[in-house]
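Asks: Sequence order for the protein chains is A and B. Taking the working numbering, I'd label the letters of the first sequence as residues 104 to 854. Taking the working numbering, I'd label the letters of the second sequence as residues 104 to 854.
The list cannot tell twin chains apart, which means a pair is met if one copy fits it or any two copies do.
Derived lysine to any residue pairs resembling SDA-like cross-links, with alpha carbons at most 25 Å apart:
1. LYS583 x GLN554
2. LYS478 x ARG148
3. LYS719 x GLU561
4. LYS578 x GLU685
5. LYS362 x GLY351
6. LYS707 x GLN640
7. LYS750 x THR845
8. LYS573 x ASN686
9. LYS701 x GLY614
10. LYS701 x ASN570
11. LYS217 x ILE402
12. LYS710 x GLN554
13. LYS701 x THR555
14. LYS578 x ASN686
Everything labelled a hint here was simulated from the structure, so no lab data went into it.
Number of protein chains: 2
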Amino acid sequence: MKHLIGIICFLSAAITASSQKIMGFSEANAVKQLEWEKQFDTKLRPADQDEWMKFLSSHPHHVGSPQGKANAEYMASLFKQWGYETEIAVYQVLFPTPKTRALELLGVKPFKAKLEESALKEDKTSGQKAEQLPTYNAYSADGDVTAELVFVNRGIPADYEELARMGVSVKGKIVIAKYGGSWRGIKPKVAYENGAVGCIIYSDPADDGYVQGDTYPEGAYRRSDGVQRGSVMDMPIYPGDPLTPGVGATENAKRIDRKDAITIMKIPVLPISYADALPLLQSLGGQVVPAAWRGGLPITYHTGPSKEKVHLKLEFNWDIKPLYNVIAKLRGSELPDEWVLRGNHHDGWVNGAADPLSGMVAEMAEAKAVGELVKNGMKIKRTLVYCAWDGEEPALLGSTEWAEDHQEELRQKAVAYINTDGNSRGFIGAGGSHTLEPFFNEIADVVTDPQTGVSIKERKYAQAMVNADKAGRTKLAGNKNIKLEALGAGSDWGGFLQYLGIASMNFGFGGEGSGGEYHSIYDSYDMFTRYKDPGFQYGVTLSKTAGRTTLRLANAEILPVDFTSFQKTVMEYTSELKTLLENMRAETDAENKMINDKLFDLAKDPKKVYASPLVKEQVPFLNFSSLENMLVQLKASAEEYQRMYSKGTQLSPDKQKELNEILFRAERSLLQEKGLPRRSWYKHQVYAPGFYTGYGVKTLPGIREAIEQRAWTEAQENIEVVAKTFQEYTQQIKRVLELLKTVADPEKKSF
Amino acid sequence: MKHLIGIICFLSAAITASSQKIMGFSEANAVKQLEWEKQFDTKLRPADQDEWMKFLSSHPHHVGSPQGKANAEYMASLFKQWGYETEIAVYQVLFPTPKTRALELLGVKPFKAKLEESALKEDKTSGQKAEQLPTYNAYSADGDVTAELVFVNRGIPADYEELARMGVSVKGKIVIAKYGGSWRGIKPKVAYENGAVGCIIYSDPADDGYVQGDTYPEGAYRRSDGVQRGSVMDMPIYPGDPLTPGVGATENAKRIDRKDAITIMKIPVLPISYADALPLLQSLGGQVVPAAWRGGLPITYHTGPSKEKVHLKLEFNWDIKPLYNVIAKLRGSELPDEWVLRGNHHDGWVNGAADPLSGMVAEMAEAKAVGELVKNGMKIKRTLVYCAWDGEEPALLGSTEWAEDHQEELRQKAVAYINTDGNSRGFIGAGGSHTLEPFFNEIADVVTDPQTGVSIKERKYAQAMVNADKAGRTKLAGNKNIKLEALGAGSDWGGFLQYLGIASMNFGFGGEGSGGEYHSIYDSYDMFTRYKDPGFQYGVTLSKTAGRTTLRLANAEILPVDFTSFQKTVMEYTSELKTLLENMRAETDAENKMINDKLFDLAKDPKKVYASPLVKEQVPFLNFSSLENMLVQLKASAEEYQRMYSKGTQLSPDKQKELNEILFRAERSLLQEKGLPRRSWYKHQVYAPGFYTGYGVKTLPGIREAIEQRAWTEAQENIEVVAKTFQEYTQQIKRVLELLKTVADPEKKSF
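Sequences are here, hints too, so could you generate the full structure?
Replies: Pasting the structure below:
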């Protein structure tokens, strides 16, 4: 027995030692850091998050609302209380709110849309009618249009191609599109490009309503009169205040004319409920829609046009409104000019409990805990900046204006930006710059899932395996690494990552708290505590995750940047692009042959209007060699850095500082000042929101979107641009390597 | 120019010559046959089919109805008029009809199901209330049950496994299942096996209603009160009269007791409309169903049990009814004892215009045209037998009883059985014995699609290519061969193919005349001529297809049997089985590992009842060698026959007769007298309806179903049975080869 005990002790010691190695820390500092993290966890109290959410969600708190301002002041006073240098950074932004909203079906069976959500006794704040923003899409155009209605499915370009084959044009028509399948702002943009004069967007119950589950308040899903508010600003061009692109919207900032603001929609757009959509959809004539377009209403879906006309009238107050960002800083003890930023927005469309407060209160809990640790003697090497953004919902206003306003300082000082935006129950979702992937995985290994007691990484792996198909399981089996999702649009990282080149991450738990409250009056404290994260178990788990991320970045001796993860990821992206091009070529050739063989003509039902596709231009071969040669160099440098990484801690403090500065500024070299084609604000060459998908990220966007749009010359040009970008990036790694080469070789370890 | 014209003439002659080669005919006889076929086409008049359908569908014509008998007499008189020896073969069969039908939801919000379809002014025969069979499932048990309701999706075994994981049992409950996903009789059978006391089947609008298209009469799809009648007899055990398995149900046949008839359902079963289903489904509590189970009603689907109980009461008249098969023979001029059979049923659930009359009138047109050709001097070598079956709908009654009654004669004489059962507009669908595949393809090459003017084969290929995914297109490209589908259950070939081993085929056009009239009062002349095949264009095309098939089989010098097609197909089936087994092994191992690694436990939502799967027994390796060795021999013989086939016409008439007899009886050697496990009536070892799918065919069923049921010993035994079967089959080919070897080698052709 003695022998066996010995083995157990040995194993246990080995495990402890290995779990005390953390990226960027010497072993001694790692032990200290882990000790602080243990204490950090004990400071995270669900009751705090509950109390804060209750207050912050007690009234509607959109941009310009009294509660929005009160919330900023409430948080600022707490941050101050916890020991932070806190300011409220105010910007003046264009924020339209509705003056007139009318939608009606004309003709013999007229119908007037209700455009209002019901107050419910089961939901205490749902009756705050006077304070609620009505259901609308921010940055819609003013308009008063009367026209036939056409159903355009999701309203993305492929849907219009299908309509064209069915002989349906939207020119001069009002379109009605289902939410989903793209970011909402894409729908009116593409409708306008196709000649429509108005756009209605509705939540179909198949996606967001009774088809998914019982509706609120019996269940969590969207009621028949529930409406998804939301921005339709053309943020894939640039986010933030439409009048001040590229500069902070300070009181005296130079503003462009509203008519010159290209991100404002050109046609009126209105979101409606499925109860309001039903009579409109029932009025549609024309062909029955393709099977993939069907929704969950009890009707046969038709393309239209409608038998009767629809009248849509929208007028807005085009006011400049103040917004209130709360910025709370804790000056770094050693490296005050290196900033680790942590943000979540605080504005909601209405009471916004899940979106955004569930993430906001997790961030607040982190800040409070850090404040207590500091009082207990913890030193934080770098400066922490906790941000509570206003105006995210309309257009990432608060974060974008602040980032633009402080761009010079941020370019110098920002180490990373850690974002959250709401939280729920279930599985970790994580996106971000791929240099930070191994760093994040180390954290995911040690944060415990509150429902199962295993690490959040183990649980994520279990979910992926169980949901994967056979091929997916085979590929996945045993590989527990959490691949960070590439960041497109959707929350406040845009200004930091895509405009300034600051490595960013975004976290949230979800998958078991689904519901239909999104951007409605039902996103309330009552709803959240009943259906989303009762007891704030995952609120605390999010604090543990984002808190560790923030603290480790703040205290690391050498920043935990891994170039090989980045390099592998961009190699995958490159290989995807080559496959995309090859597939397009093969499919184009195959389809062209089928067209020439008249197979489409022969297969179609002669009694229906359905044009065969047209022959497409052949897909040329592109020259990827400059990019591929560059990737070889990137790989070599990245791998060399990986081998030499551990030498970093042996550098002198000054050299370490120099090293870290290169490390965190390396992401800046992934920008190109002239930006992406047709959208110069987006400068990052690896990640961008899709021009025609919105939320959906496009990786290596300059090349990918050009290929997708069959703009071959542009694609070739962008291959060269990306190759040059990676050359500049590789240069940064080489600078790091030069630095590390000044350290004498350490002794070879025997084990 | 002259030279060029020469080439054209040469090519054109070559094409004509080649198109005048048909399987089984010497070149001289092929020319004659093709000439007659041209004349045959000219005799096919759409107006005939229209007139006959109008009469035959003028009143409900189910088994035992006055119109059913009148229709038999009408057809018999026409066949006689066209020159056929015609008889009406009467059998006495058990055919239950409803006495009491009641379905209600009890409790505070009671609901009584309407169980009736509306008369419509747009559909002239829909108001014939007194003559219509009410909505019911034939061969349901009598019953009066009151119990909670549970939703079981499609009601197949996998659905009950999912329910068990969700903690839902149907023991003592009434189940409600959606139509589709299996043959309807599987649903009450599996419900009973799982302990349910009653079964309701409804047509969900997602499958069969407004989700698919506009409802009748505005469109062709099922109305909210439309009901699919149908049999639920356990036909995968044996079809035909439940009281006379294996013998003809003649007046004095020996009958088993009704209580011993195992094909009659053990619990009451009732089909209902989606209007009647809605309140029942709304009454269900319990969990929300898995996404794949959702239907198209405007509710959240739950598993149940229901909050209130459901009362189902069914009583039937268990009467013996006469049925009337029309059998019209034209004695063969040379080989009167070789019969080519052509059949379609004539009974309908109600007015049955599409099902079955659209196929029946096509067959009648063929018989009429043949009669005229014979009057014009055409000789038909073999005996033609045109059959119009009664009682197909309840249980393939007419064809099965006739086949059982005449089994000895049919075993001797039947060359092949050609079935149709309804027809519509669009693309050819063809199933059958794989020895006949090249023969069928030759016909599909020369029958013209009436809408596009290309051959029905070209159009079928275009459809397959356009609907295929990328991988499918690559595989398919250029291969226009129409693969015959394997025949399971679903129409009158059962007695011929699966009980007697007579090579069978089944044809029909479809894909462009979809609707929701199936087994309802709306399957009417009005409906058919408006939505299914207006103008009977495809009725005539079906006559051309089935007519050629019948005539060529009747006149071929050497029967157009191709053993290599059969051999390739069974090799594919064998390879499928091996893949099935390998996949089951890999999946079982992978899933067991996931279970042991607790991945299912970790991935599930702890707030929901959802048991992780249980560890399954490992999948053993089976010994396929006897079967595979046999397939090698089969291949060799089949290929040798293909090389020697053309010698057949050089045999003496006697030897040719001997050869043909071996050829058409070869299919008999695919039977095993003891039948399939647990269902001795099904003797064919290659094709059978699935025990748990019903319509769905199972190829090499003895092996396949044993593997699917994880009955490893039975699977191994059946590998040996099938190997032995193929040995006997190969023996028949060897007998043919011996015969052909008596012919001296023909001169080698130079080209």
